[in-house]
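Student: Generate the whole structure from the sequences, applying the supplied hints.
Protein chains: 2
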Amino acid sequence: MTEPSRVLNPLLRQRLMSADAAAALIRPGDNVGMSGFTGTGHPKAVPAALARRIAQAHRDGEPFKVGVWTGASTAPELDAALAQVDGIELRLPYQSDPVCRERINAGRMEYLDIHLSHVAQFVWSGFIGHLDVAVVEVAGILEDGRLVPAASIGNNKTWLDQADRVILEVNAASPDLEGMHDIYYGTHLPPQRMPIPLVRPDDRIGEAYYRCDPAKVVAVVQTNAPDRDTKFSLVDDASRRIAGHIIEFLQHEVKKGRLPRELLPLQSGVGNIANAVMAGLQDAPFDNLTAYTEVLQDGMLALLKSGKLRSASATALSLGAQALAEFERELDFYRSRIVLRPQEISNHPEIVRRLGVIAMNGMIEADIYGNVNSTHVHGTRIMNGIGGSGDFARNAWLSIFMTPSTAKNGAISCIVPMASHVDHTEHDVQVIVTEQGLADLRGLSPKQRSQLVIENCAHPDYKPLLRDYVRRALESGSGRHTPHLLQEAFNWHLQAQAGERMGGLPKA
Amino acid sequence: MTEPSRVLNPLLRQRLMSADAAAALIRPGDNVGMSGFTGTGHPKAVPAALARRIAQAHRDGEPFKVGVWTGASTAPELDAALAQVDGIELRLPYQSDPVCRERINAGRMEYLDIHLSHVAQFVWSGFIGHLDVAVVEVAGILEDGRLVPAASIGNNKTWLDQADRVILEVNAASPDLEGMHDIYYGTHLPPQRMPIPLVRPDDRIGEAYYRCDPAKVVAVVQTNAPDRDTKFSLVDDASRRIAGHIIEFLQHEVKKGRLPRELLPLQSGVGNIANAVMAGLQDAPFDNLTAYTEVLQDGMLALLKSGKLRSASATALSLGAQALAEFERELDFYRSRIVLRPQEISNHPEIVRRLGVIAMNGMIEADIYGNVNSTHVHGTRIMNGIGGSGDFARNAWLSIFMTPSTAKNGAISCIVPMASHVDHTEHDVQVIVTEQGLADLRGLSPKQRSQLVIENCAHPDYKPLLRDYVRRALESGSGRHTPHLLQEAFNWHLQAQAGERMGGLPKA
Ligand SMILES: CC(C)(COP(=O)(O)OP(=O)(O)OC[C@H]1O[C@@H](n2cnc3c(N)ncnc32)[C@H](O)[C@@H]1OP(=O)(O)O)[C@@H](O)C(=O)NCCC(=O)NCCS
Ligand SMILES: CC(C)(COP(=O)(O)OP(=O)(O)OC[C@H]1O[C@@H](n2cnc3c(N)ncnc32)[C@H](O)[C@@H]1OP(=O)(O)O)[C@@H](O)C(=O)NCCC(=O)NCCS
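As you go down the protein sequences, you meet chains A and B in turn. Per this note's numbering, the first sequence starts with residue 1, numbered consecutively. Per this note's numbering, the second sequence starts with residue 1, numbered consecutively.
Everything hinted at is true.
If chains are identical, the list can't say which one is meant, so a pair holds when it fits in one copy or spans any two.
Here are the simulated DSSO-like pairs of lysine-lysine, each with C-alpha atoms no more than 27 Å apart in a straight line: (1) Lys216 x Lys256; (2) Lys447 x Lys256; (3) Lys231 x Lys408; (4) Lys463 x Lys507.
Don't read these hints as lab results, they were simulated from the structure.
Tutor: As structure tokens, then:
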């Protein structure tokens with residue numbers, strides 16, 4: 001064991017033990033609140049040790065499952081390890097792990113897909129049961145017992161507050177983020193709630209460390225392991241065109257006086273397209289930008305570096321290895337420009353509305369009337385979860401959803417007659433973008449929207465079929481507000497489920 | 001013309017004219033912001049005069065349509081009168097008028113169904129076009145030109161601010177509500193927004209009168225006409241049982257320590273069931289209740305009278321004739337207990353979240369996974385609109401949706417395999433109630449929810465069919481997170497469209 005130089009509190013030094021010993025303190029049926037958000041700040045050793053313990057229990061014929069609550073997605077050493085051994089009874093609130101996904105869709109694991117801003121309040125209020133254990137990665141422990149947060153905050157404050165027992169992982173490989181965090185301790189349950197005093201995206205309203213009752217800490221485990229190396233693909237042509245359409249639209253809004261020249265705080269979803277949009281902003285004629293978002297990815301870091309982006313607020317730093325190296329080289333530069341907050345604050349409806357966030361999120365499909373599916377492939381199979389997209393879309397100034405117009409080499413149209421699952425309703429979606437173009441749905445009735453979505457966003461292969469659907473739905477006369485032919489609304493999804501090309505189109 | 005004793009400002013007295021003369025100031029193509037919210041506070045004379053003008057223009061072969069923007073629903077002398085003559089190009093944001101509904105569903109009128117909390121901000125920001133004229137009912141005009149609001153506030157502040165030309169209707173029959181209103185003038189566009197300083201449901205943060213630039217006022221019309229006499233049916237058995245389930249649930253939450261004894265501020269939707277729930281609270285073991293809602297109906301007035309309800313905040317008073325008489329008899333009693341606010345404040349996400357509102361809204365149907373349809377019959381025909389239900393459901397402490405388990409004498413199940421339109425997603429619905437029982441969906445995965453919704457909420461006639469659907473969907477294996485059979489998900493709606501009983505059940 002290395003010198004525990006990051007564990008300064010004497011009492012907590014007495015709790016140092018191995019990951020296996022710590023995992024032995026977790027019991028079958030426990031609800032476990034783990035740190036971790038988009039592959040950073042998750043515990044690196046205890047979940048794997050727990051998975052080994054569970055596997056052994058199962059070999060011994062003993063049932064052993066736990067509830068796994070996190071900030072958002074984690075990494076294989078947590079989600080995959082535990083799912084692989086069928087150790088998860090229920091997972092919440094967001095995951096993007098292939099093994100978890102397979103288990104959930106096979107009906108072997110329950111998944112609770114809730115808004116990220118709801119998690120803390122649901123736990124405080126006892127809506128989703130009792131939290132037994134917290135397993136939280138930190139960057140260090142101060143002399144007085146306060147904890148230095150790691151690369152993501154997520155729900156850690158809540159886990160540390162609410163759990164009966166706390167297991168800390170102190171990661172020697174965690175970058176030195178001291179002072180970058182802003183842990184707000186001013187939340188209350190109604191009727192005691194007061195306004196949250198945040199009025200600029202980079203305001204600091206809290207403390208730089210977590211509070212934690214040392215008496216609850218049952219184990220301290222030392223690790224030395226990097227976060228997930230989140231790899232972004234090179235910006236492809238479709239993403240570049242999506243970014244281009246969004247930037248053109250934002251310029252237009254500025255020209256019309258509907259957005260200030262420095263725009264409004266940007267929220268940018270997870271994944272490659274979101275990253276590409278940030279890359280696109282690098283060459284766009286905007287300066288002094290700000291971000292109020294969930295996760296800070298490579299593209300946003302580059303915008304900070306170039307000075308295009310003045311400051312960024314998030315709950316997680318999720319960088320590829322190269323961007324992380326750049327970040328560590330210029331730590332003080334970034335320290336003065338980045339604020340990391342608990343996810344109930346990064347995603348808070350009150351703040352998102354007040355700041356007038358411009359929300360840009362990915363989706364699986366949109367229908368011609370502007371309903372968006374972010375979670376379910378063909379209405380039944382979960383992909384990841386809604387994450388924070390609903391927190392932002394619902395209360396944003398402008399809510400933009402983006403996707404390539406097709407998936408699976410053109411066999412699937414991401415613009416469909418009827419979304420097979422709805423996560424963002426027609427009331428919450430203002431703009432839809434694909435590489436084909438952008439549909440600004442503000443002020444339009446469903447019929448008017450359908451025209452724009454088809455003409456601007458659908459892939460040319462699917463346009464005639466979509467036009468035909470609307471025409472025949474209108475003619476059927478069953479209702480001309482939102483014309484639909486319910487008997488065939490999901491035909492395309494059924495074709496895709498059967499491995500055919502949507503719309504009966506010939507194989508490409 | 002009667003003595004204009006309610007028009008004290010000398011300049012505005014000079015603008016007194018007939019409704020026909022005022023209507024002549026409205027031009028084809030104008031967007032007209034009208035006052036009115038759930039049948040109260042709408043202009044009583046100018047819309048009808050405008051309808052006559054439009055009818056004449058159409059007889060003369062001249063095109064004449066206007067955009068009609070309101071607070072919410074109005075009354076026949078506005079919505080029906082204008083729709084009847086095909087005078088409405090586009091209607092927003094909520095209506096419940098049979099003639100409008102017929103026109104919209106026939107494709108003869110566009111309808112923009114947006115969240116009530118979005119309207120003001122969409123207009124301030126220029127998202128939905130320019131407002132040409134405001135036609136606003138007031139109770140009086142002060143010497144200095146400020147306006148005494150009538151029985152609803154809705155978007156009036158915004159219409160008066162934003163319109164180029166203002167037409168005032170001064171209604172001598174308007175009850176004396178002076179001092180009951182609280183018009184907040186502290187809103188800004190981002191990035192200038194500050195916290196809204198409202199922390200208790202009955203806080204007053206604004207002014208008792210509307211400001212209005214007299215130079216913009218082109219007409220003042222005197223009227224003497226009552227508001228819509230909103231008739232509530234006698235509380236029927238189904239409503240009584242729905243109310244009973246909700247009250248039992250709230251008691252349970254108090255016992256579990258998840259709600260304070262005086263509950264949290266209540267929001268109650270429009271219509272009979274909402275009214276019945278309020279009636280049910282009369283005999284429930286709760287005291288010192290508060291309400292933070294959109295519309296104050298008879299049931300809530302009775303709760304104020306009995307002292308069960310300490311105070312109520314709303315944007316409209318919508319009372320039946322008898323309740324209105326009671327209200328006017330005890331004006332000072334109610335004046336100290338009721339606050340009427342602009343709808344961007346009564347429905348504001350920031351406030352709804354802060355106060356921890358308990359939202360109770362009606363619906364058309366829910367599916368077994370907890371998705372709620374509030375607006376579209378069989379996915380295509382608009383009923384009314386989403387109104388404020390999304391504002392409340394999305395940011396509430398607890399979001400409850402209620403409906404009888406069947407409609408049309410049992411031919412329609414209001415619990416269906418898949419909702420034919422989604423206004424409130426599975427992420428935003430915590431509780432579903434019918435006369436059969438209540439399903440508390442918190443903390444449950446979709447499959448677990450489906451069990452509870454079927455067993456607790458569906459009508460016995462439909463339970464076996466719903467169970468069978470889930471079983472077969474699970475067996476199909478196409479996805480066991482949210483099991484669906486897309487090929488038959490809407491069969492029941494198609495049967496209903498064809499005039500048959502859902503599920504192929506024999507005619508009752
Ligand atoms: C919707 C979401 C999955 C898209 O992610 P992405 O990385 O941009 O999407 P991709 O285009 O790479 O597609 C992911 C997969 O879905 C498939 N897919 C995409 N569209 C599809 C469609 N319409 N039908 C079926 N499958 C589809 C892709 O083929 C790909 O499958 P593969 O992994 O087998 O190749 C992602 O944005 C998400 O999880 N969103 C919800 C949470 C969220 O928005 N969080 C941000 C808030 S801060
Ligand atoms: C959903 C809503 C229409 C229900 O209203 P209600 O008065 O409680 O409903 P009712 O049970 O009287 O039903 C209204 C009509 O819809 C029909 N209906 C109800 N459920 C139906 C279903 N599942 N399928 C088809 N028709 C249905 C009824 O038969 C009735 O038709 P009729 O007028 O021809 O008799 C109403 O609550 C609403 O408009 N909600 C959206 C706005 C809102 O929630 N505002 C409140 C926020 S403050």
